[in-house]
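J.: Using the sequences and the hints given, assemble the complete structure.
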Amino acid sequence: MENLLSVRDLQVHYLHGGAHRPVLDGLSLDVCPGEAIGISGESGCGKTTLARAIPRLLPATAQIHGSICWRGVQLLTLPSEALRAVRGRAISWIPQEPSLALNPVRHVESQLTEVLRAHYVMALSRRKAEARMLLERFFGREAERLARQFPHQLSGGERQRVVICQAIACRPALLIADEPTSSLDSILQRDFLDLLRELNRQDGISLIVFSHNLSALRYLGSRRMELRNGRLHECLSS
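In numbering that gives the first Met the number 0, the protein residues as written are 0 to 237.
Check before you lean on any hint, since a few could be wrong.
[Claimed, not checked] Derived CB-CB ranges, DEER-like:
| id | residue 1 | residue 2 | range |
| --- | --- | --- | --- |
| 1 | Asp24 | Arg105 | 22 to 30 Å |
| 2 | Arg144 | Gln201 | 20 to 28 Å |
| 3 | Ser27 | Leu213 | 17 to 25 Å |
| 4 | His19 | Arg147 | 46 to 54 Å |
| 5 | Thr76 | Ser27 | 29 to 37 Å |
| 6 | Arg170 | Ala81 | 27 to 35 Å |
| 7 | Ile186 | Leu213 | 15 to 23 Å |
| 8 | Ser98 | Met132 | 20 to 28 Å |
| 9 | Gly17 | Ser214 | 38 to 46 Å |
| 10 | Cys31 | Ala128 | 28 to 36 Å |
| 11 | Asn102 | Gln201 | 41 to 49 Å |
| 12 | Arg131 | Ile63 | 35 to 43 Å |
[Unchecked claim] Cross-link-like lysine to aspartate or glutamate pairs, in silico, DMTMM-like; alpha carbons within 25 Å at most:
| id | residue 1 | residue 2 |
| --- | --- | --- |
| 13 | Lys127 | Glu141 |
| 14 | Lys127 | Glu197 |
| 15 | Lys127 | Asp202 |
| 16 | Lys127 | Glu113 |
| 17 | Lys127 | Glu108 |
| 18 | Lys127 | Glu143 |
| 19 | Lys127 | Glu157 |
For the record, the hints were derived by calculation from the structure and aren't laboratory data. Idealized CB from N, CA, C, for every residue including glycine.
T.: Okay, structure coming up:
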């Protein structure tokens, strides 16, 4: 089976005070269609750096070398316009803090229609219909109410669900989640993990979930790896 994503010899250094600080050092990773991968590691080991490196979301202070191929296309040398067609559509990303992904002055429905407008030529009526379908899937009878609310009016769990709606609006093949449950209590964590499992098992979306929470990664039933000393190490099943 052909890999969706192949990362080879990935090296990321940050320029700090005139010196280069290595974070990732010769890292490699393969992701197959429909696969779920959980990546753990201590704080500061480079989990967020890897999560951002794959869709090329690293800051300008980062120097990146190696190979990141998406379905055979080299992302590190892809022109910006072509990269936009991959990022958000084929590969989507959920940040650690949901407020970073939400516009505070747009109501929920508008946030979703804007994601669709950015990636597709689609009439507003069609975009609104797609947005409502997403909200109905994840909020049921509450969809109508949620559609007109703003981020500050939502609970933490509701914000996370809206972020998921945004992330899958364009039906990506790969979803990257960076510490997605760190700001949630135990009940909301389980609810969110159930949503990720549903997206993986029912929709066939491949997952890369970064978390220091080993029990969360076990619950996902994912292939588990540990990021240590700048490289990924396979974990034995337990």
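J.: I'd like to know which numbered hints this structure contradicts. Please list them from smallest to largest.
T.: Numbers 1, 5, 6 and 11, in rising order.
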